[in-house]
Amino acid sequence: AQKVTQAQTEISVVEKEDVTLDCVYETRDTTYYLFWYKQPPSGELVFLIRRNSFDEQNEISGRYSWNFQKSTSSFNFTITASQVVDSAVYFCALSEADDTGTASKLTFGTGTRLQVTL
Amino acid sequence: NAGVTQTPKFQVLKTGQSMTLQCAQDMNHEYMSWYRQDPGMGLRLIHYSVGAGITDQGEVPNGYNVSRSTTEDFPLRLLSAAPSQTSVYFCASIPRQGPYEQYFGPGTRLTVT
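These protein sequence lines are chains E and P, in that order.
Note that the numbering used here gives residue 117 to position 117 of the first sequence, counting from 1, and the numbers run on in steps of one.
Note that the numbering used here gives residue 61 to position 61 of the second sequence, counting from 1, and the numbers run on in steps of one.
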């Protein structure tokens with residue numbers, strides 16, 4: 001069975017601080033996908049990034065960066081110079097690839113609530 | 001494109017009542033799913049469909065029925081609502097054959113009293 005653990009329930013930082021959200025996953029599949037979603041106070045789910053199991057390159061998108069390490073089954077998310085608008089719940093998710101290569105069924109972590117204050 | 005739409009946005013039911021949560025997508029995605037979000041538990045998969053006429057159970061299917069008669073629509077039915085079904089429900093769609101992300105609807109907040 002697949003499992004995603006986000007051990008940090010809530011994190012509070014002051015604006016401009018860097019913050020890392022941890023994600024550890026478990027799967028027996030060799031082909032899988034990892035995702036991060038953001039859920040702002042308005043409630044919708046906003047896709048941030050997708051990574052497949054064969055691509056361990058780290059990725060940077062503006063102030064966001066992701067560190068994928070298969071050796072430790074981790075897919076951590078760092079926000080550099082955090083802003084108040086980053087305040088949200090962040091979910092890490094894992095999906096097997098079905099026989100068509102589709103990430104058809106997501107297993108979510110319990111989320112990390114990030115509070116950024118002035 | 002409207003993307004994934006869900007109706008209603010809010011609903012209050014009494015125990016034992018039935019209702020259908022509607023989900024529609026206009027992106028011609030083959031796959032559609034229903035998730036529920038409960039405090040402290042993240043999102044959990046209820047049912048999913050890989051195409052019209054094909055549905056399967058997810059992690060928490062009990063108390064819910066689905067059908068998929070068209071590519072566009074994937075309604076979720078609660079036959080006899082229970083307080084344990086109080087939750088926020090999200091519908092999602094994804095194109096087939098590729099490492100794509102799931103596109104989520106805005107959610108339906110359901111309260112069962």
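A few of these clues could be false.
Stretch by stretch, here's where chain E covers chain P in the computed footprint (C-beta under 8 Å, at least three residues) [to be verified]:
1. 10-22
2. 72-84
A partial selection of chain E residues facing chain P, derived with a Cβ cut-off under 8 Å [what the hints assert, rightly or not]:
3. Lys3
4. Val19
5. Thr20
6. Phe35
7. Thr100
8. Ser104
9. Leu106
10. Gly111
For the record, the hints were derived by calculation from the structure and aren't laboratory data.
Using N, Cα and C, we set each Cβ at its ideal position, and we do this for glycine too.
Now for the hints, and whether the structure bears them out:
no.	hint	verdict
1	10-22	violated (count 0)
2	72-84	violated (count 0)
3	Lys3	violated, 11 Å
4	Val19	violated, 20 Å
5	Thr20	violated, 19 Å
6	Phe35	holds, 6 Å
7	Thr100	holds, 5 Å
8	Ser104	holds, 6 Å
9	Leu106	holds, 6 Å
10	Gly111	holds, 6 Å
Checked against the numbered hints above, the structure breaks hints 1, 2, 3, 4 and 5 and satisfies the rest.
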